[in-house]
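Trainee: Protein chains in written order, with this note's numbering: chain B, 1 to 637; chain D, 1 to 549.
Read the hints as simulated data drawn from the structure, not as lab findings. No incorrect hints appear here.
Pair by pair, the computed Cβ-Cβ distance ranges are:
| hint | chain 1 | residue 1 | chain 2 | residue 2 | range |
| --- | --- | --- | --- | --- | --- |
| 1 | B | V625 | D | A153 | 31 to 37 Å |
| 2 | B | V625 | D | G268 | 24 to 30 Å |
| 3 | D | I25 | B | P26 | 57 to 63 Å |
| 4 | B | R633 | D | Q325 | 25 to 31 Å |
| 5 | B | V27 | D | A153 | 53 to 59 Å |
Reference listing, derived: stretches of chain B covered by chain D, where coverage requires no fewer than 3 residues with Cβ under 8 Å from a Cβ of chain D:
| hint | stretch |
| --- | --- |
| 6 | 47 to 61 |
| 7 | 589 to 601 |
| 8 | 610 to 619 |
All of these numbers come straight from a predicted model, not from anything done at the bench. Backbone N, C-alpha and C fix where the C-beta goes; we use that ideal spot for every residue, glycine too.
Spelled out from the first residue to the last, the chains are:
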Amino acid sequence: MVWWIPGFPLIAFAITLLVGRRLAEPVVAGIAVMATLISFVLSTILLLHPGTPGAVTQLDWLTVGQTHIGFGMQTSHLNALMAFVVSLVSTLVLLYSRGYMAGDERFSVYYQYLNLFVFSMLGLVLSANLLELYIFWEMVGLCSYLLVGFWFFKPEAALAAKKSFIVTRIGDTGLFAGIVLLWLASGSFNFDAVFQAAQSPGFGLGWLSGSGLITLVAILVFLGAVGKSAQFPLHVWLPDAMEGPTPVSALIHAATMVAAGVYLVARMFPLFALSHAALTTVAWIGGVTALLAALIALTQRDIKRVIAYSTVSQLGYMMMALGAGAYAYGVFHLFTHAFFKALLFLTAGSVIHALGGEQDLFKMGGLAGKLPITRWTFLAAALALAGIFPLSGFWSKDAILTALLAGGHGILYAVGLITAFCTAFYIFRLYFLAFAGTPRDEALYAHAHEGGWVMTVPQVVLGVLAVMAGWWNTPIGGHPIERYLLGDAGTSFFAGTSAGDIGHVYPENVLWMVISLVVALAGIGLAAWMYGARADQRAAAAASAAGPLYRVSLRKFYLDEIYESSVVRAGKWLARIADGLDRFVIQSIVYLASRMTYAAGWGLRLLQTGQVQTYGVVAALGLFVLIAIAMLRGGVM
Amino acid sequence: MPDLIHAHYFVTMGPLLIVTATAFIVMVLEFCLPRVDARVWLGLSILGTLAAVVTAAVHAGQRALTLNSVVQDAFSAVFSLVILGTTLLILWFALDFARREPQAPKEHPYLILFAVAGALTMASAVDLVTLYVGLELLSVASYVLVGVRRQSARSTEGAVKYLLMGSIGSAVLLYGMSFIYGLTGSTNLYDLGQQGMMLWTNYPAVTVLAFLLMLCGMGFKLSLVPFHAWTPDTYAGAPGPVSALLATLSKTAGFALLLRMLLFIFNGAPQVYVWAGVISAATMVVGNLAALPQRHMKRMLAFSSVAQAGYLLVPFALFGASGYQDWIALFDSLVFYLVAYTFMTVGAFAVIWWVSRQTRSFDASVLDGLARRNPWLAGALTVFLLGLAGMPLTAGFVGKLYLLIDTVHLHEVWLGVLLFLTSAVSFYYYFGWIRRMFQPAVSDAELAGTVLAADAGVFTFGLQFDNPPITPHPGDEHWQDDVEGVRVSAAPDETGASDQQVGDGSAGTDARPGIVLQTLIAVCVIGTLVLGVAPAVLLHGLWAVGWYQ
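Please work from the sequences and hints to get the whole structure.
Mentor: This is the structure in structure tokens:
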């Protein structure tokens, strides 16, 4: 059964690839949505009956020397939860896309790519070994590239596609190096074999001791996660990736693919748990990312960019939780975040759709009346993101903050709290700018309207989830998701770990809950004061009062400029030198070689006279020469 | 009296007996009923072959020896199955051939079966004399098959060249065998295996000489360089299914014979295998280089199959450098590549036969725009060419990868490097065809879109060819040279690139291959892709056979 979870999207991909161009739009979308829906139903069954965690069904795929590499599916509580989230959000986004992309001349191609993405993503979260995971990892990267550059005739989109692919590739290189090192040291690509080898005393490689190797590999694997999950300093690609269609942003760049980095760290958690240094790195990179991205999001003018930086920030939150050892909380936040962040993008898409493609916040305003469903669902998602009781974000965010404080990470707790304040501020700044007050651009406002049911139904479903998804892990129910996730510990999925290794669990503390709630409310209050209906010029006054600080945030801490002047410029110089070498040295050698090869081919034709006598003479001569040399050299060469 | 089915000679020779019996039945019936359509006899042959496949599969796990000269072991089981599978593909191909060319002679079916009987003997005999008889049975049947179209000058010429060169090969092989017999007084491979060490220590010079003579003698049959010159003329002259038979079935059988013969006789002389490496290197280089300027499609496939024989000889060069344990990997690589090669080659010959029949020309230019005229056919040929070139996700890639791993593993890296480099050269001519098929099919609007996409950096899979023109643009001066070149330097009676094989004027209107040819091509495509994506399908089976049991 597990095979069919990625199987159905693959079938849908094959159908749309082969005959998609000839089918009508509703048929293409219908096939895709149905396939994903079946995957979702199967994932739900798997979620409820996951069987023995770590069970693998796999086929022999390749045999290299003594290494047998399989290709298969592994089930566990973590994988089942991920498959559930991915297939659920995919189904809704595929349905929504039917409305958003209607009329696009490459409509079927769009669904092709999306089907391929859903297949790859489900394959990724169900992979049975590291090599398979890496293959799917690259495939989701490829799909992201194709979809970000879907409107490739826009130069920004093409550039953004290139940027996203190249920047994540930097991280992928690290991941690949980590996988190869693990294979060299353990002789296997299988997770359980790798984990067991890492815990054995003889683990090591050449001059690298066991603990050194584990730290190195963990950080290399984390580098892959940094690229894919847009963590500092490789986060720069994600905001640019917003050039893709908005449903793509919701699916790939909010709920699923960018969370793959978090999943990777969670999947490899037994390895991270063995290295204090690696865990600390993860926690601090996560913390820095969370704060930095939240500060940048304060001042952005583009509606999608604000949400994109919010995604980066929230992914940092998850990393922070994993780094602090709170495995279950990090995954829980991934779970709730997938719903409310996908919803934020879908509602933003609805706004953009209603305004005919306008993305500038300062041209919106007063949309609450025109787009009631979008407004209310957006409000639900915003409250969830801000962490307001009792919406989903509150429970997962508060769990992380509790874990940070109780785990003795005081500074990170402060970082998390400041981030929470900024988060509440920027998302309500967005809300007030877009939905409250009076329209700033009457022409745009006049045409605004809700999309059809295909667009509103996914919003409403996600809205319900954004409100309620957190209730599955409240103290009242006895933390079901937490217990569910920790069920993986000690099985062959997390070979050689105990529940204590992967799950630091902390009881809720009502005082700390109140603190984070007050901080979030303060953020919302400030936003209301500055951008609310009666705000007048307070925002501009605040901006000029903040002065340079405001500009630093607006210009995204000048990171793009720093990269441009250092890495990119150095790269361009290197490229120029390489180009010169290539043009004048290598190309002429290649040209010469190809000419000579070709000439040799022509020369050989001279022997091909068509006369059988010549053939016989050549053969006899060849035989004679061979024997003569062999005899002269005594039979050996 | 023991019952026939369970007698040990039925275990060892069951498929052989069934195929031979079918051949005789078809021969007699065909003589008695001359008016019956050749397809009936082909159908009967296919049924016989299927029975042989079942027999071979049922007995695959058993081990037996008959008359000290025919054996059923893992080796003969695997190679018999490969040979019989290839036979089915070729008979299927011949079925379509017989439908399209009803005036073709009807000797076809039973001659193919006699060739198969010879091939099965080569795979399962353990006596030099029996092996040789099998080889001659295959060869003689092939000579006749090539020349079966008596009215075609090309066909007769190909047959005569093949006959002459093949006879030289047989003579050289026999000469080598006679040395071995002279030294040991035995022709039985088990006896010879016992004396392997003695041969090398006592008579090194004669052993090397015998090795070279036997290798080169088979080199004529397997079209290894420098004994390959007959190959393009013969393939070009033979009917489509027969070309495919020569390129696949007779090579499989030849490699099976060579493998068993050399491993038994020269097991005590690891040093001599290096000469297989030398010939393999020469074959890879010359085969690929000579294929470059070919414009006649069948001649190019012929040179390509010469090059592929060079790849297949790579494991032979490694037997000397390795212990018995490593041999298993070499057997696996060899069989895998043979199977992959069979699918790709039969498929390519089938597509080429069809296209040239439609256009009545063997010149590569008839492929221009095939993707637009018949996208499925173009897609299939692309798969075969990519496989032959060794692109990932095809069986050819996995096969080459295993050969490469073997060379690295056994420290004969130079062969691996050569394998890699010559494969790179081969991309040139394989991709030339692919470009022909797809390039002109692009309309102006689409082309503009592609250029835009390329500019934007989205999804460019382009391969830049800015060196000599194998597929020149019209108006390019080299274009003229090329056509002239074909005229002056190819076989004497070759007039440009047209050929007489293509029958009467009824062809050309029917633009779609029949269901028979379609299934053949589909099976080959699926084989190529499945083995490329999930090689374990075959490797697991080979592993389960266990070579030494």
